[in-house]
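On the provided structure of chain A, position chain B as indicated by the hints.
In the order they appear, the protein sequences are chains A and B.
Using the numbering used here, the letters of the first sequence map in sequence onto residues 1 to 92.
Using the numbering used here, the letters of the second sequence map in sequence onto residues 93 to 411.
Source of the hints: derived by calculation from the structure; they are not laboratory data.
We put the beta carbon where it would ideally sit given N, CA and C, even for glycine.
Some hints here could point you the wrong way.
To be verified - Pulled from the structure, derived: some chain A residues nowhere near chain B, Cβ distances all over 12 Å: (1) 12; (2) 23; (3) 34.
To be verified - Which stretches of chain B does chain A cover? Using the computed rule of at least three CB atoms under 8 Å from a CB of chain A, they are: (4) 207-217; (5) 242-252; (6) 295-309.
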Amino acid sequence: MKVILLLLVLFLIVCAVSASITKNVLVSIIIFMSYSLIMSIIWVFLQAPDLAITEAAVGAGVTTVLFFATLRRINAIDAQDKKEERREQDKK
Amino acid sequence: MSKIRSDYETSRRAAFRRYVSGEEDLKSIDYMPMFEKQIAEEKKEDERATEHYLVPPLKDPMEDAKLHAELLGMKWFRRLYVVMSVALCLCIIGAMVYNVAFMPAFGGTDAPTNNEVSERYLEKGQEETGVVNMVTGLILQYRGFDTFGETHVLFIATIAVMILLRMGKKEIPEEVDGEESEGDVILRTIARFLVPMILLFGLYVLVNGHLSPGGGFSGGAVIGAGLILYSAAFGFTSTARFFNEKIYDILKVGSLGLYSLLIIYYLFTGANGIDSVVPLGKVGAIISSGLILPINVLVGIEVACTMYAFYALFRKGGL
Numbered sequence: 001m002k003v004i005l006l007l008l009v010l011f012l013i014v015c016a017v018s019a020s021i022t023k024n025v026l027v028s029i030i031i032f033m034s035y036s037l038i039m040s041i042i043w044v045f046l047q048a049p050d051l052a053i054t055e056a057a058v059g060a061g062v063t064t065v066l067f068f069a070t071l072r073r074i075n076a077i078d079a080q081d082k083k084e085e086r087r088e089q090d091k092k
Numbered sequence: 093m094s095k096i097r098s099d100y101e102t103s104r105r106a107a108f109r110r111y112v113s114g115e116e117d118l119k120s121i122d123y124m125p126m127f128e129k130q131i132a133e134e135k136k137e138d139e140r141a142t143e144h145y146l147v148p149p150l151k152d153p154m155e156d157a158k159l160h161a162e163l164l165g166m167k168w169f170r171r172l173y174v175v176m177s178v179a180l181c182l183c184i185i186g187a188m189v190y191n192v193a194f195m196p197a198f199g200g201t202d203a204p205t206n207n208e209v210s211e212r213y214l215e216k217g218q219e220e221t222g223v224v225n226m227v228t229g230l231i232l233q234y235r236g237f238d239t240f241g242e243t244h245v246l247f248i249a250t251i252a253v254m255i256l257l258r259m260g261k262k263e264i265p266e267e268v269d270g271e272e273s274e275g276d277v278i279l280r281t282i283a284r285f286l287v288p289m290i291l292l293f294g295l296y297v298l299v300n301g302h303l304s305p306g307g308g309f310s311g312g313a314v315i316g317a318g319l320i321l322y323s324a325a326f327g328f329t330s331t332a333r334f335f336n337e338k339i340y341d342i343l344k345v346g347s348l349g350l351y352s353l354l355i356i357y358y359l360f361t362g363a364n365g366i367d368s369v370v371p372l373g374k375v376g377a378i379i380s381s382g383l384i385l386p387i388n389v390l391v392g393i394e395v396a397c398t399m400y401a402f403y404a405l406f407r408k409g410g411l
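With the rest of the complex left out, here is chain A (with noise of 0.2 Å):
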């Protein structure tokens, strides 16, 4: 039990620095969703059931979701597929 603790919990520091040291801030995001499941994970380990269904739901969740719907507001999502689309038409 322990053990499994402690690797969940070295699996958290890792998507914690990588998810700030990523360039790719769509990388980033889903970086930090993995890192929300696993804190919900330590929560029932820490036997606080509440915390964890409200970080599962909130944060792997919908913070995600709302962080992406951001991303496509200002257009970071599909700036890549435009570009490629645009240089489609040029060839044209």
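Just chain B now, kept in the frame of chain A:
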């Protein structure tokens, strides 16, 4: 006058103001260190000189060496800066970790959190509030005032987001409102299985909040996530069939108002030691623990509405 104006235009303040208002990039304006600027200007002058006279300009070899030394110094300064910042960070982290070593052991019996307050909650909580899940009893009865404020904070946050992001009906772009927002086949197929389960689980967490882990906030968040998944998979038009702006307004304001009334009554009776008219019921039954069950449901509706409203406002600027 014009001189002052031009002075302001070239100053750092103006550059910063332009950067804030998004006109220019700060780096491209004035971030260039002075000596680099000098070099650039000198180079320009040199070029001009060669253009006009076709004579290579004479250079003081000493000045060249000075510049070189200055550049080298700057390089070293930057390196030192990085090293010093890393060292400072390590020092702060070390101090924090050192302090953690003095904290009482997690869940230890001699920890300061393990005092007579929590003991009293655990001993008397069940007969006073009639809940099995003591966390819900705590946050809705003993600390009911905190939860009251938190729910209002959520409400105010939604209002703030609405002020910032809401658009009129005509301004909502067609592609978001129409079929574009429908997800692909994989998403829709999975959502068809998942959404009912998520909503059911959310309802279970919500209604069973006084018996099992969970309660108003967790249940509401799960239901809100389910709604978000539904609208992401099937588009906003199909969500609007059962959850449009009118229903949202009624649910949100109604649940918050009702919750405020209930919690004021609850706090008043609790603080003055008056017995509530609502019976506590049998401990462990689904309809028990007096007002906690309706309060849980109302908080859940409020949170679910907030979650979905955030998504809808971010995505298309309206409900």
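Comparing the hints with the structure gives:
| no. | hint | in the structure |
| --- | --- | --- |
| 1 | 12 | 16 Å, holds |
| 2 | 23 | 17 Å, holds |
| 3 | 34 | 16 Å, holds |
| 4 | 207-217 | violated (count 0) |
| 5 | 242-252 | violated (count 0) |
| 6 | 295-309 | holds (count 5) |
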